[in-house]
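K.L.:
Protein chains in written order, with the working numbering: chain A, 1 to 117; chain B, 1001 to 1115.
It is possible that part of the hints are untrue.
When the alpha-carbon atoms are kept at most 35 angstroms apart in a straight line, the in silico DSBU-like pairs for lysine-lysine are as follows [said to hold, decoys possible]: (1) A:K20 with A:K66; (2) A:K66 with A:K55; (3) B:K1078 with A:K55; (4) A:K14 with B:K1078; (5) A:K41 with A:K20; (6) B:K1078 with A:K41; (7) B:K1073 with B:K1114; (8) B:K1114 with B:K1078; (9) B:K1114 with B:K1097; (10) A:K66 with A:K14; (11) B:K1078 with B:K1055; (12) B:K1073 with B:K1097; (13) A:K64 with A:K41; (14) B:K1055 with A:K20; (15) B:K1055 with B:K1097; (16) B:K1114 with A:K41; (17) A:K66 with B:K1055; (18) A:K66 with A:K41; (19) A:K14 with A:K64; (20) A:K64 with B:K1097; (21) B:K1114 with B:K1070; (22) B:K1078 with A:K20; (23) B:K1073 with A:K41; (24) B:K1070 with B:K1097; (25) A:K41 with B:K1055; (26) A:K41 with A:K55; (27) A:K64 with A:K20; (28) A:K20 with A:K55; (29) B:K1055 with B:K1073; (30) A:K14 with A:K55.
In short, the hints are calculated from the structure, not lab data.
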Amino acid sequence: GAVVSQHPSWVICKSGTSVKIECRSLDFQATTMFWYRQFPKQSLMLMATSNEGSKATYEQGVEKDKFLINHASLTLSTLTVTSAHPEDSSFYICSAIRGGNSNQPQHFGDGTRLSIL
Amino acid sequence: AQTVTQSQPEMSVQEAETVTLSCTYDTSESDYYLFWYKQPPSRQMILVIRQEAYKQQNATENRFSVNFQKAAKSFSLKISDSQLGDAAMYFCAYSSKDAGNMLTFGGGTRLMVKP
């Protein structure tokens, strides 16, 4: 159990377009989901914490108007990169915690490779 | 703020041998969790092992074990009988309830396994 599905796995689009990435917990409910960004050969950097039914909490330096996060249900969070530019190209990974239990580990999606031309 | 440091950017081990990856962290909290994640070339994040800070006993998962030294804030990962499939990036991570369960990652260690 504890499967997290992330879609799409790879997207290439033109500069100026908006891209939506979905993160779904398939077999459990996730009150909290997290969005990370990873540049090549670097570690994961937390972008924001997504809580079901409330506004996301963004980390310092992350533009909330650029990276829109919606957590409308207990099994789905979405990250929309608005007006994407080449510098937004990166690997984006989501994770989810089963229920709201702090004793549970985070379960990761397989990530989305975003390439902006 | 919590920080996690992995001082070894790269490590190499001969197949069937044992290797230890280092991790240190800094925190003022007493109740927290420590993790080791594996990221193979597919970039999928795979949980290798998890340690609860209030447990003195070191966690083990088959060929993977940790040496958790709470006073020294050290959390090393030992891989025994290394296999070719163990080659990957390994990330040490920290989380706590007080920090909203967010994970703070170390910089990672690239492990290469020689046949």
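K.L.:
Would you mind marking each hint as holding or not holding in the structure?
P.N.:
Quick rundown of the hints versus the structure:
At roughly 12 angstroms between alpha-carbon atoms, A:K20 and A:K66 fall within 35 angstroms of each other, so this suggested pair holds. Restraint check: the Cα-Cα separation between A:K66 and A:K55 comes to about 15 angstroms, which is no more than 35 angstroms; the hinted pair holds. For a cut-off of 35 angstroms, the pair hint linking B:K1078 to A:K55 is broken: about 40 angstroms separates their Cα positions. Pair hint A:K14 plus B:K1078 does not hold up; C-alpha atoms about 45 angstroms apart against a cutoff of 35 angstroms.
For the given pair, A:K41 sits about 24 angstroms from A:K20 by alpha-carbon distance, which is consistent with the 35 angstroms threshold. The hinted pair formed by B:K1078 and A:K41 meets the criterion: a straight-line CA distance of about 23 angstroms does not exceed 35 angstroms. For the hint linking B:K1073 to B:K1114, the alpha-carbon distance of about 31 angstroms falls within 35 angstroms, and the restraint holds. Annotation: proposed proximity of B:K1114 to B:K1078 holds, straight-line Cα distance about 17 angstroms (limit 35 angstroms).
Proximity of B:K1114 to B:K1097 is assessed by CA-CA distance (about 39 angstroms); at most 35 angstroms being required, the pair is judged violated. Distance check on the hinted pair: A:K66 and A:K14 sit about 16 angstroms apart at the alpha-carbon level, within 35 angstroms; holds. The suggested pairing of B:K1078 with B:K1055 holds, with an alpha-carbon distance near 18 angstroms, which does not exceed 35 angstroms. With a C-alpha separation of about 18 angstroms, the suggested pairing of B:K1073 with B:K1097 holds against the 35 angstroms cut-off.
Between the alpha carbons of A:K64 and A:K41 the distance comes to roughly 25 angstroms, so the proposed pair stays at or under 35 angstroms and holds. Restraint check for B:K1055 and A:K20: the C-alpha separation of about 41 angstroms exceeds 35 angstroms, so the hint is violated. Note on B:K1055 and B:K1097: the hinted pairing holds, with a Cα-Cα distance of about 16 angstroms set against a maximum of 35 angstroms. For the hint linking B:K1114 to A:K41, the alpha-carbon distance of about 21 angstroms falls within 35 angstroms, and the restraint holds.
A C-alpha spacing of about 42 angstroms is found between A:K66 and B:K1055, which places the hinted pair above 35 angstroms, so the restraint is violated. A distance of roughly 24 angstroms separates the Cα atoms of A:K66 and A:K41; the hinted pair therefore holds under the 35 angstroms criterion. A hinted pair counts as satisfied when its Cα atoms are at most 35 angstroms apart, and A:K14 with A:K64 qualifies at roughly 21 angstroms. Our distance criterion of 35 angstroms between C-alpha atoms is met by A:K64 and B:K1097, whose separation comes to about 24 angstroms.
Among the hinted pairs, B:K1114 with B:K1070 is consistent with the structure: their alpha-carbon atoms are about 32 angstroms apart, no more than 35 angstroms. Between B:K1078 and A:K20 the alpha-carbon distance is near 39 angstroms, which puts this suggested pair outside the 35 angstroms criterion. Only pairs whose Cα atoms come within 35 angstroms are accepted, and B:K1073 paired with A:K41 is accepted, the gap being roughly 26 angstroms. Between B:K1070 and B:K1097 the CA atoms are separated by roughly 18 angstroms; this keeps the pair inside 35 angstroms, and the hint holds.
About 33 angstroms separates the Cα atoms of A:K41 and B:K1055, which keeps this hinted pair within 35 angstroms; it holds. With a C-alpha separation of about 31 angstroms, the suggested pairing of A:K41 with A:K55 holds against the 35 angstroms cut-off. Between A:K64 and A:K20, the direct Cα distance comes to roughly 14 angstroms. Compliance with the 35 angstroms bound is thereby established for this hinted pair. Distance check on the hinted pair: A:K20 and A:K55 sit about 17 angstroms apart at the alpha-carbon level, within 35 angstroms; holds.
Between the alpha carbons of B:K1055 and B:K1073 the distance comes to roughly 14 angstroms, so the proposed pair stays at or under 35 angstroms and holds. Of the pairs offered as hints, the one joining A:K14 and A:K55 holds, with about 29 angstroms between alpha carbons and a cut-off of 35 angstroms not exceeded.
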